[in-house]
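Number of protein chains: 2
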Amino acid sequence: MAVSDVVSATTSKYDIGEQMCPYRLVLEHVTSRWGVLVLIELMERPYRFSELRRAIGRVSEKMLTQTLQTLERDGLIHRDAQPVIPPRVDYSLTDLGREAAEQVRGLALWTKDRMGDVQKARVAYDARKSGS
Amino acid sequence: MAVSDVVSATTSKYDIGEQMCPYRLVLEHVTSRWGVLVLIELMERPYRFSELRRAIGRVSEKMLTQTLQTLERDGLIHRDAQPVIPPRVDYSLTDLGREAAEQVRGLALWTKDRMGDVQKARVAYDARKSGS
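Chains as they are written, first to last, in UniProt numbering: chain A, 1 to 132; chain B, 1 to 132.
Any given hint could turn out to be false.
Identical chains blur together in the list; that is why a pair holds if it fits in one copy or across any two.
Said to hold, decoys possible - Okay, derived cross-link-like pairs now, DMTMM-like style, lysine to aspartate or glutamate, Cα gap no bigger than 25 angstroms in a straight line:
hint : residue 1 : residue 2
1    : 62        : 90
2    : 112       : 99
3    : 62        : 72
4    : 120       : 99
5    : 120       : 95
6    : 129       : 61
7    : 120       : 61
8    : 112       : 102
9    : 112       : 126
Treat the hints as calculated values from the structure; they're not laboratory data.
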């Protein structure tokens with residue numbers, strides 16, 4: 001019996017409609033452009049909105065607000081609005097968010113460390129393709 | 001001196017145009033919907049295209065081809081075309097790809113394990129929002 005027969009005889013492990021979709025969205029939130037940076041930044045300490053925006057750089061107020069709301073709704077960050085004048089809002093990681101941040105940081109650091117190898121592979125690939 | 005002054009006085013650590021973009025794309029490739037599944041699946045063993053497609057499920061031929069090309073160009077998977085009839089093409093992880101797959105699997109497993117907590121957080125968030 002060929003390996004392909006064995007594989008085709010079983011139900012797909014990743015039947016997207018059934019199993020993958022619920023957590024696919026969370027994966028997208030934590031690996032989004034700004035999601036990654038917010039999670040990593042908040043590992044250091046809590047931040048106010050304006051501080052966080054400066055620390056991350058080049059993120060619009062609207063995009064940062066959306067990112068924070070999404071991560072707050074997922075239970076990854078805590079939003080603490082202080083009843084003072086002027087209004088003060090602090091953002092921090094929840095325990096769940098710290099776990100997510102550690103995973104995401106691992107992946108981001110790996111990507112950064114291995115970027116040289118990826119660039120070399122791309123050059124070699126493009127050379128093969130243009131030569132063939 | 002306020003913390004915010006210190007932060008604003010330094011250049012952003014994540015000046016996107018300068019530092020983030022090169023590896024941002026790799027991060028997107030490995031965390032893409034099909035990229036995650038291809039990497040995790042290939043941790044087991046090499047796969048032929050048609051086997052891989054069945055194993056992953058619900059991915060179009062075009063999308064899987066694109067995903068494999070992208071990961072091959074990044075140096076994460078190896079494409080081995082055998083000179084036989086009918087043509088046979090095997091895909092396997094490179095050493096670099098295995099590293100990426102381990103990181104991605106960690107994140108995917110975390111997301112899956114914690115999905116219940118995320119769902120609870122979302123219900124609580126939505127209740128707060130509709131009540132306020």
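Among all the numbered hints in the text so far, which are the ones the structure does not match? Number 7 - this is the single hint that the structure violates.
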